[in-house]
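There are 2 protein chains.
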Amino acid sequence: MTFWNEELETMPVEELKEMQFRLLQNEIRTMYEKSEFFRGRMQSVGLTPDDITDMEQFRKIPCMRKSDLRDNYPDGLFVRPYDELVRIHVSSGTTGRPTVVGYTQTDIDNWSESLARGLTSFGVGKKDVFQNMHGYGLFTGGLGVHYAGEKVGATVIPTGVGNTDRQIQLMQDLPVTCLAGTPSYMFHIADVCDQKGVDIRKQTKVTKALAGGEPWSESMRKKLYDRTGIKAYGCYGASEFYGPMFLECDAQCGMHVWADLTLIEILDKDGNPVPDGESGEVVVTMLQKEAFPLIRYKIGDISTLTWEKCRCGRTHPRLGRITGRADDMIVVRGINVFPSQIESVIGEMPFLSPFYHITLTNENYMDKMVVDVEVLPECLPDDVNAINEMSAKVQARLKEILNLKAVVKMNLPGTLERFEGKAKHVTDNRSWD
Amino acid sequence: MTFWNEELETMPVEELKEMQFRLLQNEIRTMYEKSEFFRGRMQSVGLTPDDITDMEQFRKIPCMRKSDLRDNYPDGLFVRPYDELVRIHVSSGTTGRPTVVGYTQTDIDNWSESLARGLTSFGVGKKDVFQNMHGYGLFTGGLGVHYAGEKVGATVIPTGVGNTDRQIQLMQDLPVTCLAGTPSYMFHIADVCDQKGVDIRKQTKVTKALAGGEPWSESMRKKLYDRTGIKAYGCYGASEFYGPMFLECDAQCGMHVWADLTLIEILDKDGNPVPDGESGEVVVTMLQKEAFPLIRYKIGDISTLTWEKCRCGRTHPRLGRITGRADDMIVVRGINVFPSQIESVIGEMPFLSPFYHITLTNENYMDKMVVDVEVLPECLPDDVNAINEMSAKVQARLKEILNLKAVVKMNLPGTLERFEGKAKHVTDNRSWD
Ligand SMILES: [Zn+2]
Ligand SMILES: [Zn+2]
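As you go down the protein sequences, you meet chains A and B in turn.
Residue numbers are given in the numbering used here: position 57 of the first sequence equals residue 70, and the series is strictly consecutive.
Residue numbers are given in the numbering used here: position 43 of the second sequence equals residue 56, and the series is strictly consecutive.
Hint data in this document are derived by calculation from the structure and do not stem from the laboratory.
It is possible that some hints are incorrect.
Unchecked claim - Straight-line distance between alpha carbons at most 30 Å, and here's what the computed DSSO-like set of lysine-lysine pairs gives:
(1) K437/B with K209/A
(2) K209/A with K412/B
(3) K164/A with K221/A
(4) K418/B with K139/A
(5) K140/A with K47/B
(6) K412/A with K209/B
Stated by the list, open to error - Distance windows between CB atoms, simulated:
(7) F16/A with D96/B: 17 to 23 Å
(8) S230/A with D96/B: 31 to 37 Å
(9) N416/B with D340/A: 39 to 45 Å
(10) K422/B with N176/A: 27 to 33 Å
(11) T177/B with G290/A: 44 to 50 Å
Unchecked claim - Far from chain A, some chain B residues (derived; all Cβ distances over 10 Å):
(12) L60
(13) D96
(14) H102
(15) K139
(16) V142
(17) I170
(18) P171
(19) T319
(20) I348
(21) V397
Ideal placement from N, C-alpha and C gives every residue a C-beta, glycine not left out.
Looking at chain A on its own, in the form it has when it is part of the complex (with noise of 0.2 Å):
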């Protein structure tokens, strides 16, 4: 068993505990002193630095969400200027706007850190060739884990998303061991590896996978490893706090979070911190990031936290599985999609009533997502076509709004099923089993 940095990895829980509290009163201190909006979040609590003695005071701070980085588009949150800033990324707006991060030289280092000891704790490293298919530019999957891949010493290919047929070709014809990519997508390689005869045992040494950046299940990791012998591993994170952070380990039993660089809380409804490995809201703390605060941020998933010690020997705390959302954010095909925006696009059709229903499935674990949705009585159409028109009207601005394909399924009026008090606007039929 081998580690990136075996003294911090596996350093006794008491005293990392104690460095975590030292590191988030550290960088609260900072954060208070540069940044106008956490100060006043502090003050709007009554609280100071020196008020954080412990985790309960701690827990007095209002939380962040995602709209105060998007109410501070671009770059309002930012606490370093620009000449002390080496990257941007931006991720697509849910809600028009795009979330913009920024990372110092600091930000970028401890990124890589995290994902380079998380590689190394499922076996990757000098010796392997790691293609990497995720998506590189302003999204954060495809350069963070580049970088993490050429500092653990792996041969990185950055053959990035899509080219299916490449990426089959190069898997054949370097040595490559590992993959990154979702977990769909490998699904999709291991589909066209049976269209095209090549068996991925036999014809490549791909033996492992990083998968991340949408929802699986061990039963999707159990028919991957069947299908093709690759052993996937899981991965948490979000350009909110550098990019994907968080891996599984070789016992595949959760993803390791670093306490010297993030503190994740999991809260009950009541925002109370719930029995070590019970479920509840994930709420993150950066405690060594530069370029703007993130403490407290409630990024909406669920999920347990443990800090029982892990078989491999690492003493830091494991993240399960994110078992579902907080608000009513859906992520269709790696997409975020709120409810709100198809809510948004309905209303600007003066021939639909406001009533809609979203239904997702999918197939071979490519997501579908049908809306249903309703003409108004003195807008009923006399031809299939002008029905077709609408529909396909409603489609197109969807696609617009989201980035997204959806079928939009026109219905007579009065047809859709109406709710007393909060109207269940989404029925999720996806299966990941």
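Fit chain B with the ligands to the given chain A structure using the hints.
The following block gives chain B with the ligands in isolation, referenced to the frame of chain A:
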């Protein structure tokens, strides 16, 4: 005037040439020892490293060509095991097989060093925000320029290719000072800004651009400046070297070829060196490359090289614009095309004669390729649909082979021009004025 590495960049010419030759001897010794391929080339003309005592002796070494890389696909030229390689780039094959290039950490560092000197030479540094619109991934442009931007401490925004609306939004919303991309894409950005009523001079801080990846001209430089206030600087390189490597300095009179990293010869048709500043074939030798030998590599370009001291104070020689090709390769929308590839597609089509002609034009610097082909008399179709089907078939296959959309024009038997001797297959009516 600032330098990235002043001592080295302004070293007296004689010292620099001495250092260059020592590095050359050293590289030849290393590659002779490690590379069976290169040793074979030396032995084929009865040379050992000890014989290389001056440039005349050096010029006895047979030249390498692209085909040497392709014939040794994928990794037959590599002289380092994979655990010493940290990166692989792959360029699309112009004749089927892609070209695979490997990098040690030192190779990556030297590549970034080369570009860092170049960026500094036209004033890009810590204070800049650098929007990199080159494609990321297997193509060397994106990652090469990205690493260099970070190295000089600029804030890199890795936007990659495409999504022009977002490119323009980020140019306006963030304090972007410098763009990198192809010249034609910069004109496209200027066009879209005009359509949107965005005044680049007033609504952005962009004043500089690194322009590379396709041919352009002084008149394009002037037009871009007149329209947008952006000063564009040229770039030369190829994935066989490392990637893009040599940039224009502020003096804008050629691209500085760093003499400690690369030796460029300019040869006449008989393989003899032309006088300083005169035109000839570019032959490239990489002096510190580790992953594989690139010694006397005929890349196929025609240009000039001068050791005359530059106004900027740098003593390293300057490469002029690429004015043509030594072989019959043409570059269409940044993609290398050989007439022989088109010939092979035509050969596959049972209904075509072997005669063909390629006509290139451009509009707003966007290339268009028309391929005239001739139906065999016995295959003359009897209706328009059948003709359209034929041309669609040829077009689809050309797209597959060239990764490029060509317009295919069907001609009646015997109507394409026949040539005595060597056929003239290409008419290039493109203009970069
Ligand atoms: Zn573990
Ligand atoms: Zn100069």
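Hint check results:
no., hint, in the structure
1, K437/B with K209/A, "violated (40 Å)"
2, K209/A with K412/B, "holds (21 Å)"
3, K164/A with K221/A, "holds (18 Å)"
4, K418/B with K139/A, "violated (41 Å)"
5, K140/A with K47/B, "holds (20 Å)"
6, K412/A with K209/B, "holds (21 Å)"
7, F16/A with D96/B: 17 to 23 Å, "holds (19 Å)"
8, S230/A with D96/B: 31 to 37 Å, "holds (34 Å)"
9, N416/B with D340/A: 39 to 45 Å, "holds (43 Å)"
10, K422/B with N176/A: 27 to 33 Å, "holds (29 Å)"
11, T177/B with G290/A: 44 to 50 Å, "holds (49 Å)"
12, L60, "holds (32 Å)"
13, D96, "violated (5 Å)"
14, H102, "violated (7 Å)"
15, K139, "violated (5 Å)"
16, V142, "violated (6 Å)"
17, I170, "violated (5 Å)"
18, P171, "violated (5 Å)"
19, T319, "holds (35 Å)"
20, I348, "holds (15 Å)"
21, V397, "holds (28 Å)"
Violated hints, in rising order: 1, 4, 13, 14, 15, 16, 17, 18; the structure is consistent with all others.
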